[in-house]
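K.L.:
Here the working numbering is used: the first residue of the sequence shown is 111, the next is one more, and so on.
Don't read these hints as lab results, they were simulated from the structure.
There are no misleading hints in this set.
Derived DEER-like restraints, expressed as beta-carbon distance ranges:
| no. | residue 1 | residue 2 | range |
| --- | --- | --- | --- |
| 1 | 381 | 307 | 19 to 25 Å |
| 2 | 251 | 215 | 31 to 37 Å |
| 3 | 371 | 281 | 30 to 36 Å |
Every residue, glycine too, gets a C-beta built ideally from N, C-alpha and C.
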Amino acid sequence: MTHPFAQVDVFSSESFGGNPVAVVLDADGLADDTMQLIARWTNLSETTFVLTPSDADADYQVRIFTPAGELPFAGHPTLGTCHAWLEAGGTARPDGTVVQQCPAGLVTVRSGGSDGRLAFAAPPLVRSGPVDDATVAEAVAAVELDPACVLAAEWVDNGPGWLALLVDSPATVLAARAGATDLKIGLVAAYPEGSPEAIEVRAFFPADGRLFEDPVTGSLNASLGQWLTSSGRVTAPYVAAQGRALGRAGRVHVELDENGAVWVGGATVTRVSGTIEA
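Take the sequences, apply the hints, and build the full model.
P.N.:
Next comes the structure, spelled out in C-alpha cells:
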C-alpha cells in the first residue's frame with residue numbers, strides 16, 4: 111500500500127542544519143512490526159506514523175518509533191509531524207492550535223504565529239527531583255566529564271527518561287564524549303548574559319550498549335525549560351543551541367505563556383516529499 115511520506119528538518123533555519131524526522135501519513139492499518147521495520151530502514155532518530163485519533167479531543171494520532179522501539183513522546187517528531195500534517199491539508203483550529211494524540215497523552219501544538227514557528231506545550235514531567243550520587247557518578251563517567259564541573263543534576267523525564275547535568279560552561283558541554291551507560295543524559299550550560307543563545311545543550315541516548323548523540327532534542331529542551339525556568343537559572347524567552355558537536359545548527363526557542371506553561375518551538379522545513387510503499 112502507498113502512503114504519503116515526508117522528511118522534515120526541525121529546529122534549524124539553515125539548510126540541513128536541524129534534526130530530520132520521517133513522517134508516514136495515512137498510516138491506519140499498518141501493523142506495529144511494519145512501523146518498526148520502516149523506522150529501522152529510515153535509520154533516523156525517529157520516524158512517525160499519523161493515524162486517525164481515537165480521542166475525540168485530538169486532531170490526529172501519532173506513533174513515534176526509533177530504530178529500536180516506540181517512544182511515548184518526543185519533541186522534534188511532534189513539530190515535524192504537525193508540519194507534515196498541515197502541509198498535507200490538515201487544518202488548525204480557529205485559535206491556531208492543533209492537538210496531537212500520542213501515548214504520553216494530548217499535546218497542543220501552536221501554529222501560525224507571527225514568527226512562523228510551530229511550538230508545542232511541554233508535557234508534564236513524570237519524574238523530577240535530584241539524582242542520587244551513584245547515578246550522577248555513572249552519568250558523569252559515561253560522558254567523560256570531570257565531576258568537579260557538575261553544578262547540579264536533576265531528573266527531567268517527560269517520557270523518554272532524561273537525566274540532566276548542569277555543568278560549568280558551554281565548553282564543558284562541547285568537550286563531552288559518548289561512552290557507555292543505560293541512562294539518557296542531557297548536558298546543559300549557560301552562556302554569559304547578552305549572548306545570542308542562553309544555553310548550550312547536548313543529548314545522549316543508549317543503544318546497543320553505548321551512547322549515541324541526538325542532534326537537536328525537543329523533549330529534552332522542554333523538560334530543561336521547565337527545570338531551569340522554575341529554579342530561576344534561566345529567564346524565558348530564550349534560545350538554546352544544540353548540535354554544534356555534530357556540525358548542526360539547531361536553535362530551540364523556549365517561551366512561557368501567561369499561565370507559566372513552557373512552549374518549545376523551532377523552524378520546520380520539508381526536505382523530502384513523496385510516497386512510501388509499505
